[in-house]
Amino acid sequence: QQQVKQSPQSLIVQKGGISIINCAYENTAFDYFPWYQQFPGKGPALLIAIRPDVSEKKEGRFTISFNKSAKQFSLHIMDSQPGDSATYFCAASRGAGNMLTFGGGTRLMVKP
Amino acid sequence: GAVVSQHPSWVICKSGTSVKIECRSLDFQATTMFWYRQFPKQSLMLMATSNEGSKATYEQGVEKDKFLINHASLTLSTLTVTSAHPEDSSFYICSARDHLAGVEQYFGPGTRLTVT
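Which chain is which? The protein sequence lines are A and B, in order.
In short: position in the first sequence from 1, add 86, done, that's our numbering.
In short: position in the second sequence from 1, add 8, done, that's our numbering.
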């Protein structure tokens with residue numbers, strides 16, 4: 087059973103546009119929600135993470151929006167750049183540093 | 009800081025042989041390390057959780073006798089794929105948790121295993 091559902095599977099955005107990726111979770115025990123960026127042939131790298139006690143967190147061009155009642159969270163990439171082209175994964179865990187359950191991933195392509 | 013390395017970065021082995029993959033935390037101590045497998049264009053699937061000095065905890069469907077995990081020190085965990093078969097070909101990624109900071113997992117760069 088996939089506990090974290092991610093959409094869309096792929097996304098094409100023009101340079102300068104906003105990329106939006108959504109995730110929904112089922113397990114209400116999850117309390118830590120990170121987003122990872124992965125380039126081909128590389129391991130995932132943490133972008134930004136949020137806990138359910140806040141509804142939004144921003145770091146540079148990356149923003150997480152969190153809706154606890156809907157059990158949904160999303161990643162917004164502002165002013166998307168070609169260098170942002172990668173696969174993005176949302177994840178969830180019960181406590182930071184514990185076992186992560188990953189979403190299915192979104193392949194983002196930012197066109198120049 | 010918080011660097012995790014894996015060795016080798018890629019390996020090709022023949023069917024029926026065993027291959028060992030190392031995961032090291034370079035600048036922190038990791039009481040817990042995680043091993044993931046990722047097939048092409050798919051997500052990461054947790055294989056097992058490795059705790060220093062104790063037996064690993066395997067996820068459902070992962071054969072513990074086939075994927076041997078050893079976490080003998082606070083900076084090193086190894087995954088041995090025994091009697092490898094072509095269907096074991098995958099991208100294996102480890103992550104480590106800094107037991108002092110305790111707030112994040114740091115991922116290694118991955119190991120590409122190809123079984124011929």
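Since the hints were made in silico from the structure, they are not lab data.
Keep in mind that the hints are not guaranteed to be accurate.
Listed next, with one range per pair, are the computed distances between beta-carbon atoms [to be verified]:
no. : chain 1 : residue 1 : chain 2 : residue 2 : range
1   : B       : 47        : A       : 158       : 20 to 28 Å
2   : A       : 184       : B       : 15        : 22 to 30 Å
3   : A       : 180       : B       : 62        : 25 to 33 Å
4   : A       : 154       : B       : 22        : 48 to 56 Å
5   : B       : 62        : A       : 197       : 46 to 54 Å
6   : B       : 15        : A       : 131       : 18 to 26 Å
7   : A       : 184       : B       : 49        : 21 to 29 Å
8   : A       : 94        : B       : 47        : 18 to 26 Å
9   : B       : 49        : A       : 103       : 21 to 29 Å
10  : A       : 89        : B       : 49        : 14 to 22 Å
11  : A       : 168       : B       : 122       : 43 to 51 Å
Simulated crosslink set (SDA-like; lysine to any residue; CA at most 25 Å straight-line) [what the hints assert, rightly or not]:
no. : chain 1 : residue 1 : chain 2 : residue 2
12  : B       : 49        : A       : 134
13  : A       : 101       : B       : 112
14  : A       : 143       : B       : 88
15  : B       : 63        : B       : 48
16  : A       : 128       : B       : 61
17  : A       : 128       : B       : 62
18  : A       : 197       : B       : 49
19  : A       : 197       : A       : 99
20  : A       : 144       : A       : 167
21  : B       : 49        : A       : 143
22  : A       : 197       : B       : 88
23  : A       : 128       : B       : 11
24  : A       : 143       : A       : 117
25  : A       : 91        : B       : 112
26  : A       : 91        : B       : 67
27  : A       : 154       : A       : 140
Positions of the beta carbon are idealized from the N, C-alpha and C atoms, including for glycine.
Evaluated hints:
Hint check: residue 47 of chain B to residue 158 of chain A, Cβ distance near 27 Å, so the stated range 20 to 28 Å holds. The hint said 22 to 30 Å for the Cβ distance between residue 184 of chain A and residue 15 of chain B, and at roughly 26 Å that hint holds. For the pair residue 180 of chain A and residue 62 of chain B, the supplied restraint of 25 to 33 Å is violated, since their beta-carbon distance comes to about 20 Å. Hint check: residue 154 of chain A to residue 22 of chain B, Cβ distance near 51 Å, so the stated range 48 to 56 Å holds.
Remark: the range hint 46 to 54 Å for residue 62 of chain B to residue 197 of chain A is upheld by a beta-carbon distance near 49 Å. In this structure the supplied range 18 to 26 Å holds for residue 15 of chain B paired with residue 131 of chain A, their Cβ-Cβ distance being about 19 Å. For residue 184 of chain A paired with residue 49 of chain B, a C-beta distance near 27 Å keeps the hint of 21 to 29 Å intact. A C-beta distance of roughly 20 Å is found between residue 94 of chain A and residue 47 of chain B, which places it inside the suggested range of 18 to 26 Å.
Distance hint for residue 49 of chain B and residue 103 of chain A: a CB-CB separation of about 24 Å, consistent with the stated range 21 to 29 Å. A beta carbon spacing of about 20 Å between residue 89 of chain A and residue 49 of chain B agrees with the range 14 to 22 Å that was offered as a hint. In this structure the supplied range 43 to 51 Å is violated for residue 168 of chain A paired with residue 122 of chain B, their Cβ-Cβ distance being about 30 Å. Between residue 49 of chain B and residue 134 of chain A the alpha-carbon distance is near 22 Å, which keeps this suggested pair within the 25 Å criterion.
Restraint check for residue 101 of chain A and residue 112 of chain B: not satisfied, since their Cα atoms lie roughly 31 Å apart, outside the 25 Å limit. For the proposed pair residue 143 of chain A and residue 88 of chain B, the alpha carbon gap of about 40 Å is over 25 Å, so the pair is violated. With a CA separation close to 29 Å, the supplied pair residue 63 of chain B and residue 48 of chain B exceeds the 25 Å bound. Proximity of residue 128 of chain A to residue 61 of chain B is assessed by CA-CA distance (about 29 Å); at most 25 Å being required, the pair is judged violated.
Simply put, residue 128 of chain A and residue 62 of chain B have alpha-carbon atoms about 29 Å apart, too far for the 25 Å limit, and the pair is violated. For a cut-off of 25 Å, the pair hint linking residue 197 of chain A to residue 49 of chain B stands: about 20 Å separates their Cα positions. Proposed proximity of residue 197 of chain A and residue 99 of chain A is supported: the alpha carbons are some 6 Å apart, at most 25 Å. Taking the CA atoms of residue 144 of chain A and residue 167 of chain A, the gap is about 17 Å. The hint holds against a cut of 25 Å.
At roughly 28 Å between alpha-carbon atoms, residue 49 of chain B and residue 143 of chain A are farther apart than 25 Å, so this suggested pair is violated. For the given pair, residue 197 of chain A sits about 41 Å from residue 88 of chain B by alpha-carbon distance, which is inconsistent with the 25 Å threshold. For the hint linking residue 128 of chain A to residue 11 of chain B, the alpha-carbon distance of about 14 Å falls within 25 Å, and the restraint holds. Of the pairs offered as hints, the one joining residue 143 of chain A and residue 117 of chain A holds, with about 15 Å between alpha carbons and a cut-off of 25 Å not exceeded.
Among the hinted pairs, residue 91 of chain A with residue 112 of chain B is consistent with the structure: their alpha-carbon atoms are about 22 Å apart, no more than 25 Å. Between residue 91 of chain A and residue 67 of chain B, the direct Cα distance comes to roughly 19 Å. Compliance with the 25 Å bound is thereby established for this hinted pair. In summary, the hint linking residue 154 of chain A to residue 140 of chain A is supported, as the alpha carbons are separated by about 9 Å, within the 25 Å threshold.
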